[in-house]
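Each chain is listed here by its residues.
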Amino acid sequence: TQLLEQSPQFLSIQEGENLTVYCNSSSVFSSLQWYRQEPGEGPVLLVTVVTGGEVKKLKRLTFQFGDARKDSSLHITAAQPGDTGLYLCAGVTQGAQKLVFGQGTRLTINP
Amino acid sequence: SQTIHQWPATLVQPVGSPLSLECTVEGTSNPNLYWYRQAAGRGLQLLFYSVGIGQISSEVPQNLSASRPQDRQFILSSKKLLLSDSGFYLCAWNRGAGQGGSPLHFGNGTRLTVT
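From first to last, the protein sequence lines stand for chains A and B.
The opening residue of the first sequence carries number 11 in the working numbering; numbering runs sequentially from there.
The opening residue of the second sequence carries number 3 in the working numbering; numbering runs sequentially from there.
Chain B with its partners taken away, still in its complex shape:
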């Protein structure tokens, strides 16, 4: 069966520090991978998605970047965090034709607090 791992679960970082959140998927190959951000208890905002290694699409211009160095690994990064980067970050995967493919499978998220 497929599983998705996301870490760390919580993170407190000072303003101006770098960020690296990692997500890996097991049990499937060539998944579509996604990074979402969720405001407190609200809907999801798509940040980045990837349909293959090295292929990254950005939905919202911001202080963040994403990379996909391996087929089942997706990394969210920042060189210098801002207070506004605080939030709940979710990694997800699906199969098929991108966002219109199969429903999403989400990781358990990372709660990021920038102080």
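Bound-form chain A, shown alone:
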């Protein structure tokens, strides 16, 4: 059973479109991280959200942590080919303080 479910698993859209990626769980997390990974490289941190309801913006990327700290979303406005990559969410579990990763969303932005 996957503790963190990401959806969609694959997404291919045209340049200029908007998109949202979801990261859902039945568990509560102390914090949640989003990473982006390009082929042949390691994941790179985009953002960490800590407070329920928190919204963080990184240029055209908007990250939101759910009020109950069980889910998160990543919204990209006017997607560009440079946004192509594997997006991974990772949550720090309460208590045990373990970091669990979602299975990732493979995003392709077509010019």
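Honestly, the hints are just simulated from the structure, not real lab data.
In this text, all values refer to a predicted model and were calculated from it rather than measured experimentally.
Hints should not be assumed to be uniformly reliable.
As the list claims (entries may be wrong) - Ranges of calculated distance between the beta carbons of each label pair, as one might list FRET restraints:
1. G18(B) / G63(A): 50 to 58 Å
2. N120(A) / L85(B): 34 to 42 Å
3. S69(B) / Q24(A): 47 to 55 Å
Cβ coordinates follow ideal geometry from the N, Cα and C atoms, glycine included.
Here the structure of chain A is known, so what remains is to put chain B in place on it, guided by the hints.
Just chain B, lined up with the frame of chain A:
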């Protein structure tokens, strides 16, 4: 600034041969160190983590082992590789209270193909 080095970048090994992947971190002391394996384009599976020299925690029973002979050096090994050991191996570090500490910094990975 801190950097993490992982090598080799790619490796092709026959079944039954030994394995040694090395990871070193520069610019920080007493980091938490991690080995992950990633299936093709998917999420990360934690294999081992270490909060200090000689302290190794294994998350998944398998054909692999890890060692931390120095503060900033983490080694992933196997005595006899299996076909199922093929994959993309990532080393990472962070500070603070283990996995709940600061976000992870990853190396660029090693693509291992067992033939």
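Structure-based check of each hint:
1. G18(B) / G63(A): 50 to 58 Å: holds, 54 Å
2. N120(A) / L85(B): 34 to 42 Å: holds, 35 Å
3. S69(B) / Q24(A): 47 to 55 Å: Roughly 49 Å apart at Cβ, these two residues keep to the hinted range, so it holds.
In this structure, none of the earlier numbered hints is contradicted; all agree with it.
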